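*Asks:* Chain by chain, the residues run as shown.
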Amino acid sequence: MIPAISIRNVSHRFGAEGQARNVRALLDTSLDVARGELLCLIGPSGCGKSTLLNVVGGLLAPTTGSVEVLGEPVAGPRPRDIAFVFQEHALFPWNTVRENVDLGMRFQGVAAAERAGRAQRAIEAVGLKEFADHFPGQLSGGMRQRAALARALSLQTDILLMDEPFGALDEQTRMILGEDLSVLLAATKKTIVFVTHSLGEAVFLADRVAVFSARPGTIKTVIAVDEPHPRKPAFVMSEKFTKLRNQLYAQLHEEIRKTVSAESAPPATPGALS
Amino acid sequence: MNGPRKPAGRAAILATQAAFIAIVLMVWYLATTRWGVSRILLPNPIAVWHALVSVLWTGEYLPDLRVTLFELAIAFAISATSGVVIGYFVSRSSYRVRVFEPLFAAMYAVPLILLIPLYVLWFGLGPASKIALGATISFFPVVLNTVTGFSHVDRALVTAARSMGASDYHLFRFVLLPAAFPVILAGMRLGFTVALLSIIGSEVLASLAGLGHHIVELSENMEPARMFAYVGFVVAIAALLNFAVSRLEAWVRRS
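In order, the protein sequence lines correspond to chains A and B.
Residue numbering for the first sequence follows this note's numbering, beginning at 1 and increasing consecutively.
Residue numbering for the second sequence follows this note's numbering, beginning at 1 and increasing consecutively.
Since the hints were made in silico from the structure, they are not lab data.
Being a predicted model, the structure only gives us computed values, none of them experimental.
Beta carbons are placed, not taken as given, at the ideal position from N, Cα and C, and that holds for glycine.
Among the clues, some could well be false.
[As the list claims (entries may be wrong)] What follows is a set of in silico ranges between Cβ atoms, one per label pair, in the way DEER data are often shown:
{"id": "1", "chain 1": "B", "residue 1": "Trp-251", "chain 2": "A", "residue 2": "Asn-95", "range": "16 to 26 Å"}
{"id": "2", "chain 1": "A", "residue 1": "Lys-129", "chain 2": "B", "residue 2": "Tyr-169", "range": "28 to 38 Å"}
{"id": "3", "chain 1": "B", "residue 1": "Leu-208", "chain 2": "A", "residue 2": "Asn-95", "range": "44 to 54 Å"}
{"id": "4", "chain 1": "B", "residue 1": "Tyr-169", "chain 2": "A", "residue 2": "Val-23", "range": "26 to 36 Å"}
{"id": "5", "chain 1": "B", "residue 1": "Leu-103", "chain 2": "A", "residue 2": "Ala-116", "range": "40 to 50 Å"}
{"id": "6", "chain 1": "B", "residue 1": "Arg-155", "chain 2": "A", "residue 2": "Ala-16", "range": "13 to 23 Å"}
Model the full structure from these sequences, guided by the hints.
*Replies:* So, in structure tokens, the structure goes:
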């Protein structure tokens, strides 16, 4: 069976070589994502996780390499196959939650008669029934991300790409959202790529976690989390969770150090900071 | 050092404003009745009041008001339409924005009222030169705000719309236009105000009819009381129009 997403030797460079703002964001990355799998991408800031997600979604053409989604090469947005949830929710502030969901389907080309029912179901699925006619500005950060998720779910794509969707939220909100997401996604059988900074989030949600190296990023290792969905809150307390989290931390720590030391030199003497 | 102050209530502010106006009126009255200021230079406020009542009662202002409002409507229609269309065209390319935005901003900073002699030469003393001036001056706030509105749309929203398959029409109708609309509307309100100012101003300087023209005529005919009444009338009309436009803007914004 062909994988849902097949990434082949993708490299990306922002700006031309020799330019001042030339950044090598991604280096020779290859990876397959199986159908129905939830893959988390984790790595230091600026390692190219989001770049890879945008390449997979057809929002960005890679400098070299290629991506196939559902067996077809990606050459631009594929709204019928791929839906996005962005970090900054990207809801239209002048539309209510319901209108936002409706508009997504309208862009995608869903017939008007079908949209109302699908919007209602998606909004109920994320628990925003009472807030369907609120504007994004009237909602909390967590609710806005739920609304963005409802918009993505209503598109009924096989693939969902989530770019640090809970990145701007507080720890407690993201815990609850993570639990709800696990329940929701277990029922939909979607293929999901989920970019995150949070080790706990990655282990809690993912079937596999791909760890990125420091910039220019490439996939350093892939760790499998063998735990059925939907994940229970008790999973967080289990020894298995802790072990995986520590394993991930060990892999990541070195890369984060590299990133940080590239940005600022460590203090020269131990006493310098006191 | 000042001690801690309580914020003054709305009523207190209104009372102080009323008192200020009352004092101005009182000084004005005393200047004309007791202090011997010439009635040609400064008419008695009571005479002005009588003149105002007579102006309103007879409706003699109607022909001039009609001329001024006609000029304003045409000028604003021209500047609003051309400002939005040209502004949208400029905003679609960052190159054009960088070329034209500073140009428009610089031109708007010039006292464009200086164009009056030129426009009178080109379009004559009638309404056409007033319309041309009003349209020219009010074009700039509309076009500048339109460029700003359309070129500062959140990129994340455009990306999100594209990822969901939005066509060019979808993008314009559901993302760019709603994002830019409040900014364009603010530009239009500003444009309306400056169009009104420049039209009345140019009527004062060189014209055959209109409210500004009538004021000059009264001044030259040595009818200061009536002239003052007309000035008050024009101020009231301008305030009323600006108020109406602000309310209209607020209403459009809400719906």
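*Asks:* With reference to the structure, classify each hint as holding or not holding.
*Replies:* For each hint, the structure was consulted:
Our hint of 16 to 26 Å for B/Trp-251 and A/Asn-95 holds, since their Cβ atoms are close to 19 Å apart. Look at A/Lys-129 against B/Tyr-169: about 32 Å separates their beta carbons, and that is inside 28 to 38 Å. For the pair B/Leu-208 and A/Asn-95, the supplied restraint of 44 to 54 Å holds, since their beta-carbon distance comes to about 51 Å. Distance hint check for B/Tyr-169 and A/Val-23: the Cβ-Cβ separation is about 35 Å, which falls inside the suggested range of 26 to 36 Å.
Look at B/Leu-103 against A/Ala-116: about 48 Å separates their beta carbons, and that is inside 40 to 50 Å. Take B/Arg-155 and A/Ala-16: their Cβ atoms lie about 21 Å apart, and the range 13 to 23 Å holds.
Going through the hint list in order, the structure satisfies each hint without exception.
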